[in-house]
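Enquirer: Taken in order, these protein sequences are the chains called A and B.
Per numbering that gives the first Met the number 0, the first sequence runs over residues 0 to 221.
Per numbering that gives the first Met the number 0, the second sequence runs over residues 0 to 221.
Treat the hints loosely; a few may be bogus.
Claimed, not checked - So the derived list for chain B, only partly shown, Cβ under 10 Å to chain A, looks like this: (1) Gly19; (2) Ile21; (3) Arg39; (4) Gly50; (5) Leu106; (6) Gly111; (7) Asp116; (8) Thr149.
Unchecked claim - Computed list of lysine-lysine pairs in DSS-like fashion (alpha-carbon distance at most 25 Å, straight line): (9) B:Lys211 - A:Lys54; (10) A:Lys137 - B:Lys65; (11) B:Lys118 - A:Lys118; (12) A:Lys118 - B:Lys211; (13) A:Lys205 - B:Lys120; (14) A:Lys205 - B:Lys54; (15) B:Lys120 - A:Lys82; (16) B:Lys65 - B:Lys118.
If you're looking for bench data, these hints aren't it; they were derived computationally from the structure.
Glycine is no exception: its CB is placed at the ideal position from the N, C-alpha and C atoms.
There are 2 protein chains.
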Amino acid sequence: MPGLLLGDVFPNFEAETTTGKIKFHDYLGDSWGILFSHPRDYTPVCTTELGRAAKLSCEFSRRSVKMIGLSIDSLEEHHGWTKDILAYNREESGLPFPIIADSHRELAVSLGMLDPDEKDKDGLPLTARCVFIIGPDKRLKLSLLYPATTGRNFDEILRVIDSLQLTAQNRVATPVDWQPGDRVMVPPNMPEEEAAALFPFGVYTKELPSGKRYLRYTPHPP
Amino acid sequence: MPGLLLGDVFPNFEAETTTGKIKFHDYLGDSWGILFSHPRDYTPVCTTELGRAAKLSCEFSRRSVKMIGLSIDSLEEHHGWTKDILAYNREESGLPFPIIADSHRELAVSLGMLDPDEKDKDGLPLTARCVFIIGPDKRLKLSLLYPATTGRNFDEILRVIDSLQLTAQNRVATPVDWQPGDRVMVPPNMPEEEAAALFPFGVYTKELPSGKRYLRYTPHPP
Chain A
0 MPGLLLGDVF PNFEAETTTG KIKFHDYLGD SWGILFSHPR DYTPVCTTEL
50 GRAAKLSCEF SRRSVKMIGL SIDSLEEHHG WTKDILAYNR EESGLPFPII
100 ADSHRELAVS LGMLDPDEKD KDGLPLTARC VFIIGPDKRL KLSLLYPATT
150 GRNFDEILRV IDSLQLTAQN RVATPVDWQP GDRVMVPPNM PEEEAAALFP
200 FGVYTKELPS GKRYLRYTPH PP
Chain B
0 MPGLLLGDVF PNFEAETTTG KIKFHDYLGD SWGILFSHPR DYTPVCTTEL
50 GRAAKLSCEF SRRSVKMIGL SIDSLEEHHG WTKDILAYNR EESGLPFPII
100 ADSHRELAVS LGMLDPDEKD KDGLPLTARC VFIIGPDKRL KLSLLYPATT
150 GRNFDEILRV IDSLQLTAQN RVATPVDWQP GDRVMVPPNM PEEEAAALFP
200 FGVYTKELPS GKRYLRYTPH PP
């Protein structure tokens, strides 16, 4: 059964995109990456999603995250549909990221991205709404797999990127429903003396019935 | 490579849980289901997550979604840790959902839930923060795969359940960043006459450069 797991090296595939042929790892370079698939060009939810992604492209580039879309449509369809996306979302410049034309469904199958409930006129399944977030080490850091009927939430996508990047650079983790700026958690296996030295803004330890001292907060790292 | 894809029938596994032995499909019955894994009992982010899940249990049961947790810890650890979760989150009754004790990592491996970046003292990987949402037909409808460092967002989990249930019952889809009550999209392959009959509150069609009439909204179904 195909499908990518956390920590897997993302395949270094070659693909045709709206900005030319790419090799995926070269495209990413030293950046983080986000690959998002959509079911079909010229469909409504996808037009709202790619429009929102275009509007947020500055937020992604500010975080050094290279964006790339994918569907099973042709380059010609991608180019034609792009005009609709831009008009609908009142974007005056071009689409700020490429879209892969996976018209033979090779990537869709090998990356486990198909939605069996959504079929084209030949009865073949379309791509689902997948998100893969890839670290600078080319490994999968986080993924979402939504069906065609459910548009994604780009605020949540930016939130998890902020958490992934913060926790890659600092020995902390982010609690449930965390937002940037909120306090963060100290790793449970870090000795108290080390935590005190590492977090000069202080560590707050919550007393719990077990008597174990693992629930420790510290302010958001500077 | 293991891992569950959209549309796969969720395995009907047997497991030890904090409320007794279960067979998963029997546990779900005719309900929707959410299975969420966490890396380890007695760790900070997990305590915040399971506490929030407990607080939201009425929201899940209102939507007829049966909840179940999972980690690679033992039943004894689950029971001891539950007291911490309840105390931390000021919950007076017990935890309103069972937790699976997958101490041999059988489910963690077969469902592709491990996070290779997080290891126990023997060097074995812990479970990641997975979410599987399962329909009444026992098939996978949506999944999230977050690493141990990044706590989940339960508002997003409830949002996607609302979308999945709305679109299972009505021939509509939900656009990017949709929230319950917002307008929804008409499927692109539905003829105009059928849409007019099916959506008595009206269908708004956006004019686009392609001239194709696929971007159609209608108010949230009653």
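Enquirer: Each hint: holds or not?
Expert: Verification of the hints:
With a least beta-carbon distance of about 23 Å to chain A, the hint placing Gly19 (chain B) at the interface is violated under the 10 Å criterion. With its C-beta approaching chain A no nearer than about 24 Å, Ile21 (chain B) sits outside the 10 Å limit, and its interface hint is violated. Given the 10 Å rule on beta carbons, the hint for Arg39 (chain B) holds: about 8 Å separates it from the nearest Cβ of chain A. A hinted interface residue such as Gly50 (chain B) counts as satisfied when its beta carbon comes closer than 10 Å to some beta carbon of chain A; here the least separation is about 8 Å, so the hint holds.
A least Cβ separation of about 14 Å between Leu106 (chain B) and chain A goes past the 10 Å threshold, and the interface hint is therefore violated. Interface restraint check: Gly111 (chain B) against chain A, minimum CB-CB distance 5 Å, threshold 10 Å, status holds. With a cut of 10 Å, the hint placing Asp116 (chain B) at the interface with chain A holds, because the nearest CB-to-CB distance is about 6 Å. Evaluation of the Thr149 (chain B) hint against chain A yields a held restraint, the C-beta minimum of about 4 Å falling below 10 Å.
Distance check on the hinted pair: Lys211 (chain B) and Lys54 (chain A) sit about 23 Å apart at the alpha-carbon level, within 25 Å; holds. Pair hint Lys137 (chain A) plus Lys65 (chain B) does not hold up; C-alpha atoms about 36 Å apart against a cutoff of 25 Å. Straight-line distance between C-alpha atoms of Lys118 (chain B) and Lys118 (chain A) comes to about 41 Å, which puts the hinted pair past the 25 Å bound. A C-alpha spacing of about 20 Å is found between Lys118 (chain A) and Lys211 (chain B), which places the hinted pair at or below 25 Å, so the restraint holds.
Between Lys205 (chain A) and Lys120 (chain B), the direct Cα distance comes to roughly 24 Å. Compliance with the 25 Å bound is thereby established for this hinted pair. Annotation: proposed proximity of Lys205 (chain A) to Lys54 (chain B) holds, straight-line Cα distance about 19 Å (limit 25 Å). For the suggested pair Lys120 (chain B) and Lys82 (chain A), the alpha carbons sit about 55 Å apart, so the restraint of at most 25 Å is broken. The straight-line distance between the Cα atoms of Lys65 (chain B) and Lys118 (chain B) is roughly 30 Å, outside the 25 Å bound, and the hint therefore fails.
Hints 1, 2, 5, 10, 11, 15, 16, counting from the list given before, are not met by this structure.
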